[in-house]
Amino acid sequence: MKLRRNKQSEKKSNLHTDKTESQVHSSLDENIDILKELFEDCSDVIYRTFKVGSHQACIIFIDGLIDANSIQFHVLDALEEASRESLSIEIVKDKIVSIGSVKETEKLDAIVKDILSGNTGLLIDGLNEALIVDAKGGSRRSVAEPETETVIRGPREGFTESLRVNTALVRHKIRSNRLKMIAKTVGEETQTNIAILYVDGLARPELVKEVMARIEKIEIDAVLESGYIEELIEDNSWSLFPQIQNTERPDTLAANLLEGRVGVIVDGTPFALILPTTFWQFLQASEDYYHRFHISVFLRVIRVIFIFLALELPAIYIAVTTYHQEMLPTNLLFSVASSREAIPFPAFIEALIMEVAFEALREAGIRLPKVIGQAVSILGALVIGQAAVEAGIVSAPMVIIVSLTGIASFTIPRFNMAISIRLLRFPIMILAGVFGLYGIVLGSTFILTHLCKLRSFGVPYFSPLGPLNLRELRDVFIRAPWWALDKRPSQTVKDDVRRQKENVRPTKKQRSGLEGGNA
Amino acid sequence: MRRTSLLLLALILSSTLLTACWDRVEVNDLAYVLATGFDKEEDGTYRVSVQVPLPSSLGGAGSSGGGGGTGEDGPYFVDSGSGRNIRESNDDLQARMSRKLYFAHRRVVIVGEKMAKEGMGEILNTILIQPQSRLSSFIIMSKGEALEVLNLKNRLEQLPGEAIREMAKTSLEMRAHEVLQDIKRPGKEGVIPVIEKSDKQVKGESGQEIKMQSFAILLGDKVNFITNEKESPAVLWLHNRMRGKSITFPYSEEGEITLRIIQDKVTKDFRMVNGKPAFTVKIKATSTLMENEPYISLDDPKIYKKVIKKMEEEITNQVEELLNHAHAEGSDIAGFGWYLYRNHNPTWDEKWKDDWSAHLKDLEVKVEIEGEIQRMTNTGMKVKE
Numbered sequence: 001m002k003l004r005r006n007k008q009s010e011k012k013s014n015l016h017t018d019k020t021e022s023q024v025h026s027s028l029d030e031n032i033d034i035l036k037e038l039f040e041d042c043s044d045v046i047y048r049t050f051k052v053g054s055h056q057a058c059i060i061f062i063d064g065l066i067d068a069n070s071i072q073f074h075v076l077d078a079l080e081e082a083s084r085e086s087l088s089i090e091i092v093k094d095k096i097v098s099i100g101s102v103k104e105t106e107k108l109d110a111i112v113k114d115i116l117s118g119n120t121g122l123l124i125d126g127l128n129e130a131l132i133v134d135a136k137g138g139s140r141r142s143v144a145e146p147e148t149e150t151v152i153r154g155p156r157e158g159f160t161e162s163l164r165v166n167t168a169l170v171r172h173k174i175r176s177n178r179l180k181m182i183a184k185t186v187g188e189e190t191q192t193n194i195a196i197l198y199v200d201g202l203a204r205p206e207l208v209k210e211v212m213a214r215i216e217k218i219e220i221d222a223v224l225e226s227g228y229i230e231e232l233i234e235d236n237s238w239s240l241f242p243q244i245q246n247t248e249r250p251d252t253l254a255a256n257l258l259e260g261r262v263g264v265i266v267d268g269t270p271f272a273l274i275l276p277t278t279f280w281q282f283l284q285a286s287e288d289y290y291h292r293f294h295i296s297v298f299l300r301v302i303r304v305i306f307i308f309l310a311l312e313l314p315a316i317y318i319a320v321t322t323y324h325q326e327m328l329p330t331n332l333l334f335s336v337a338s339s340r341e342a343i344p345f346p347a348f349i350e351a352l353i354m355e356v357a358f359e360a361l362r363e364a365g366i367r368l369p370k371v372i373g374q375a376v377s378i379l380g381a382l383v384i385g386q387a388a389v390e391a392g393i394v395s396a397p398m399v400i401i402v403s404l405t406g407i408a409s410f411t412i413p414r415f416n417m418a419i420s421i422r423l424l425r426f427p428i429m430i431l432a433g434v435f436g437l438y439g440i441v442l443g444s445t446f447i448l449t450h451l452c453k454l455r456s457f458g459v460p461y462f463s464p465l466g467p468l469n470l471r472e473l474r475d476v477f478i479r480a481p482w483w484a485l486d487k488r489p490s491q492t493v494k495d496d497v498r499r500q501k502e503n504v505r506p507t508k509k510q511r512s513g514l515e516g517g518n519a
Numbered sequence: 001m002r003r004t005s006l007l008l009l010a011l012i013l014s015s016t017l018l019t020a021c022w023d024r025v026e027v028n029d030l031a032y033v034l035a036t037g038f039d040k041e042e043d044g045t046y047r048v049s050v051q052v053p054l055p056s057s058l059g060g061a062g063s064s065g066g067g068g069g070t071g072e073d074g075p076y077f078v079d080s081g082s083g084r085n086i087r088e089s090n091d092d093l094q095a096r097m098s099r100k101l102y103f104a105h106r107r108v109v110i111v112g113e114k115m116a117k118e119g120m121g122e123i124l125n126t127i128l129i130q131p132q133s134r135l136s137s138f139i140i141m142s143k144g145e146a147l148e149v150l151n152l153k154n155r156l157e158q159l160p161g162e163a164i165r166e167m168a169k170t171s172l173e174m175r176a177h178e179v180l181q182d183i184k185r186p187g188k189e190g191v192i193p194v195i196e197k198s199d200k201q202v203k204g205e206s207g208q209e210i211k212m213q214s215f216a217i218l219l220g221d222k223v224n225f226i227t228n229e230k231e232s233p234a235v236l237w238l239h240n241r242m243r244g245k246s247i248t249f250p251y252s253e254e255g256e257i258t259l260r261i262i263q264d265k266v267t268k269d270f271r272m273v274n275g276k277p278a279f280t281v282k283i284k285a286t287s288t289l290m291e292n293e294p295y296i297s298l299d300d301p302k303i304y305k306k307v308i309k310k311m312e313e314e315i316t317n318q319v320e321e322l323l324n325h326a327h328a329e330g331s332d333i334a335g336f337g338w339y340l341y342r343n344h345n346p347t348w349d350e351k352w353k354d355d356w357s358a359h360l361k362d363l364e365v366k367v368e369i370e371g372e373i374q375r376m377t378n379t380g381m382k383v384k385e
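Chains as they are written, first to last, in the UniProt record's numbering: chain A, 1 to 519; chain B, 1 to 385.
Chain A on its own, in the form it takes in the complex (with noise of 0.2 angstroms):
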């Protein structure tokens, strides 16, 4: 969205057109004034005026922003038990104000950027320099498990709203210094901070300049969440498809980043982006990895076998009821049929009205507030499917359909994959209901050949099954145990493929070491 500067706009200072004042002036009073009307009915922008010996001075911050405890001691207090030589920035910042990040500047658009993020600004009278105090504080959201993605097992923390805290619990996994954040602001009125993650030496440079270039490309009001970039910067924005991942876990994150892929931080909001992605990757859990590999590889078949049926079970069902009664088990038939006797609707009509009921049961089930929330939706689910059958408007082995399906759905753990399926699930029943089985195989051909033929930032989508790579296959469908674990893909890592070390795994030797001796 491009913005649009109307002439109603520029009749409002704003930071940005005005290019004339950005110069600190000497006075103080001066640049008090500029600031009073940059910032005229703002009324939490505290403006605090001491002495510092003969000089008068004002610190300037939004209030809620800043910790105050840490302005107090080490800014005012230092400040005012200063000697009354001359003052000079230099001392000031040197000698003075013993906060850890401390900045000066000669601009007053840098000062007000800065007091907006919550930082401070210290203005001397008689200096034409001023200081930015970075004693940020105010409330936000503790780390806490994330409420998308519970594991069983695995780390339950999150990240939160904080761009800080979010770039330090990754740090607190990757102790490196391969590990790069590069910092970017994107969004004129909203000057969102984000952070750019990749591994030098894993990630491709060219996919790293290519993010930058995207991200540098935006040029929007507002950046409220990590959406807004995703949106933007993906490769091809009518496709239902995502290619993007997101998450809020950290160790998700680090693993990912540590398989050569790009992630993408942005303050306010605990969501960080991941990409490139495949398809195969929104199958994937990260407990998938904690688990012992037994029951991640009976997990991920049964997703597999799931996202089937998500897709195409109410399909399947109309289009054998409907135009290939032969496929059907005769005693199976014979049940369906009876069933069926009651029933107004075709078949068709029947799974459109119980789908679409459904999905705005679930979408319901949202808002509800958690204490009636679990009642409610048994007992909807119960009443509305028993009462609907016995009253004759839908047919039991329709409700089974629908239910199973729903299930199907939630297996998914990635909910934006989830959501494209159960969308893709009405085309498919619609050619289904109109061109019987052979419908069904042209709609898969259509998704199929448009799965193969997506790209997320030059990896393919359906990669290791689309440009078949067998090596690569061993962490699809099935999780190859740990040792055997023993390179990065190579769909995103070109060099320093080696993740582990050949033969890990305690030898029979090592192992009848321990044996013997034991009484």
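Calculated from the structure, these hints are not laboratory results. Only a predicted model underlies this, so the values are computations on that prediction, with no experimental measurement involved. Just so you know, nobody snuck in bad clues.
Listed below are the simulated DMTMM-like cross-link pairs for lysine to aspartate or glutamate, each with C-alpha atoms no more than 25 angstroms apart in a straight line:
# : chain 1 : residue 1 : chain 2 : residue 2
1 : B       : 100       : A       : 341
2 : B       : 100       : A       : 326
3 : B       : 197       : B       : 157
4 : B       : 169       : A       : 326
5 : B       : 305       : B       : 293
Let chain A serve as the given structure and place chain B on it in line with the hints.
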């Protein structure tokens, strides 16, 4: 690129005009035929009878099912139509049906006796040509009229068609494509099971039920004769289907012995004797001793040998009687001609092809049985009180 995709879209959308949305058939608009019976009347017209289940009284939970299953009829009904050929009979039948006849689930074909004796070729042809019909349907002959047999109720299964099918599975199942193959094969004749009505064996209950015991031996596509009680097991022997069945034979005046067969294997050996083919049929039967009325002890090798000898005699009698009868009538049910066709084709073509039935009459066949009793379930010791 955009133009191409628009063009493609237009093409696809216009192909919806070719579609089947109005070919849509609801599950409840079809009458699923489970079993059909074919009869021939005196004046040469065909009579086709169908057995159709009533879905509303089958299975089905909750909804308005329930009624109709009480008392008399089970959840099915039988109707028939007649005409000059099979299709006309179907049309006659359809005129009285509110739902379209759907033969894709028909799994049993019953051929009436009169029709079978005149030739089943046309029926099998119908099954072969119609794409809706299954070539895996069982072909069964009925003694008497097929229509009567279709009406018989069976107490275990809800639908008699299912009952007939299950019975055929345990004895000898001959599917349509197998019967067709046998008819067309030079030198082998087909066999199909026979069902008949039999009176209920419970005192105080009258009525009739289905019984499947004997087999019909074909010659070409006509039924040649029906086996009697002694010959019927032999059919199973020759078709390797005796596994799980038992034979009973007298051992001495004290009683009979029952053996259950757990393995049987049939092989044929061929020799030329004086320019004529001679066959030996070898059957190896392994069995378990089930019932031992004379209380003999099989530990003694002499007694064991005696029992085996009696067993082999019994089986030999059965098989020989069947083969003699069949060959006398001209049906080669063991497939000796087929063996010759495959292994000695030039000679077959030259000498025997044209009148193999005549050759059968003086075909020398020896039957050799090799019997074995592997396990015993009782040791033959008298239970002392």
